[in-house]
Amino acid sequence: MLVVKAGGRAITANASNIVRSVVRASSSKQVVLVHGGGDVVTEYCRALGIEPKFVVSPQGIRSRYTDEKELEVYVMVMAGKINKSLVAEATKHGARAVGISGADGGLLLAERKKRIVVVDERGRKRVIDGGYTGQIKAVNADLIRSLLSQGLIVVVAPIAVSEEGELLNVDGDQAAAYLARALGAEELVFLTDVDGLLIDGKLVGRLSADEAVRLLPSIGPGMNRKVMLAAESVKAGVGRAFICNGLGEDPLSLIESGIGTAVVP
Amino acid sequence: MASVSCPVCEAGVEVPDDALEGELFECSSCGAHLEFYLEAGKPRLKLAEEVSEDWGE
Chain A
293 MLVVKAGGRA ITANASNIVR SVVRASSSKQ VVLVHGGGDV VTEYCRALGI
343 EPKFVVSPQG IRSRYTDEKE LEVYVMVMAG KINKSLVAEA TKHGARAVGI
393 SGADGGLLLA ERKKRIVVVD ERGRKRVIDG GYTGQIKAVN ADLIRSLLSQ
443 GLIVVVAPIA VSEEGELLNV DGDQAAAYLA RALGAEELVF LTDVDGLLID
493 GKLVGRLSAD EAVRLLPSIG PGMNRKVMLA AESVKAGVGR AFICNGLGED
543 PLSLIESGIG TAVVP
Chain B
914 MASVSCPVCE AGVEVPDDAL EGELFECSSC GAHLEFYLEA GKPRLKLAEE
964 VSEDWGE
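So the protein sequences, as listed, match chains A and B.
Every position in the first sequence, counted from 1, becomes a number in our numbering once 292 is added.
Every position in the second sequence, counted from 1, becomes a number in our numbering once 913 is added.
Note that these hints are calculated values from the structure, not bench results.
Some clues are possibly wrong.
[Claimed, not checked] Computed footprint of chain B on chain A, listed as stretches where at least three residues anywhere in the stretch have a Cβ under 8 Å from a Cβ of chain B:
(1) 400 to 412
(2) 416 to 430
[Said to hold, decoys possible] List time: in silico DMTMM-like cross-link candidates among lysine to aspartate or glutamate, alpha-carbon distance up to 20 Å:
(3) A/Lys417 / B/Glu939
(4) A/Lys417 / B/Asp930
(5) A/Lys406 / B/Glu934
(6) B/Lys959 / A/Asp421
(7) A/Lys384 / A/Glu548
If you're wondering where the values come from, they're calculated on a predicted model, not measured in any experiment.
Glycine included, every Cβ here is placed at the ideal spot set by N, Cα and C.
Build the full structure now, drawing on both the sequences and the hints.
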């Protein structure tokens, strides 16, 4: 079984090739595709007159701040436009796919982050209300297994639900990693807009989970999160994690050709 | 700049006059991470909760 996370930039620039690549892979194994799409959410927020808000963490990572209004757009765009477009694309390439969000069937149960630490416009650290973002706490793997057993490709939007019934924005990388672990996937693949982990301009081809953890402080924002989730996932039983470029013609063929960064137990 | 008592070691922590509720400070005496708040308009500090970073998309 293969769990693929396709980042928003890769999806925006290369959705057709990514889905065709997923469809090819699905001829020999079960595939779950988790998508991002933050840039599209931003575009629709602006079209609806909602100025997106971003916050910066003390580690320097800029993230969307999801308030109630923005959550509505997030859900519409992620579970609607992007998710269903990918399902339609899979149909075009001859496969059957089902698009769901993490809220469906309790697939991704999360806890709302009550408070987060940000660096404010004055450059000072402050605790603010966490908005509608969540940390995944449980995965309903049986739902995915049931869909996969019917020969379907499962396309998952990164939305979770809390015990209180709130829809929550969850990080797509986190969603893919938790799904891969819960499903005992052979492989977790992060398709991004670079070739993999680059250190001093050189692609790191392979590293153990322990090596990956040691390298984390020297890896830039965004990629460090993928490497951390890759390491945690293989330690938790996923066969292998692979970070590679999602902008090519057949992105998943990079797994076999080894062009990317493999994180192994 | 006001000096506000650290709830851990009671040392004075310098807090700027324009501090906002939720702003974080570190006690230079005991190293505790502290959160600024107002109680009946008076500046106070409490031990900051650990808030890990794991945000959405």
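Hints and how they fare:
For a cut-off of 8 Å, the count of residues in the segment 400 to 412 of chain A with a CB near a CB of chain B stands at 5, and the three-residue condition holds. Counting residues of the segment 416 to 430 of chain A whose beta-carbon sits less than 8 Å from any beta-carbon of chain B gives 9, enough to reach three: the coverage restraint holds. About 11 Å separates the Cα atoms of A/Lys417 and B/Glu939, which keeps this hinted pair within 20 Å; it holds. Straight-line distance between C-alpha atoms of A/Lys417 and B/Asp930 comes to about 15 Å, which keeps the hinted pair within the 20 Å bound.
About 16 Å separates the Cα atoms of A/Lys406 and B/Glu934, which keeps this hinted pair within 20 Å; it holds. With a C-alpha separation of about 17 Å, the suggested pairing of B/Lys959 with A/Asp421 holds against the 20 Å cut-off. For the suggested pair A/Lys384 and A/Glu548, the alpha carbons sit about 25 Å apart, so the restraint of at most 20 Å is broken.
Hint 7 from the list above is the single one not met by this structure.
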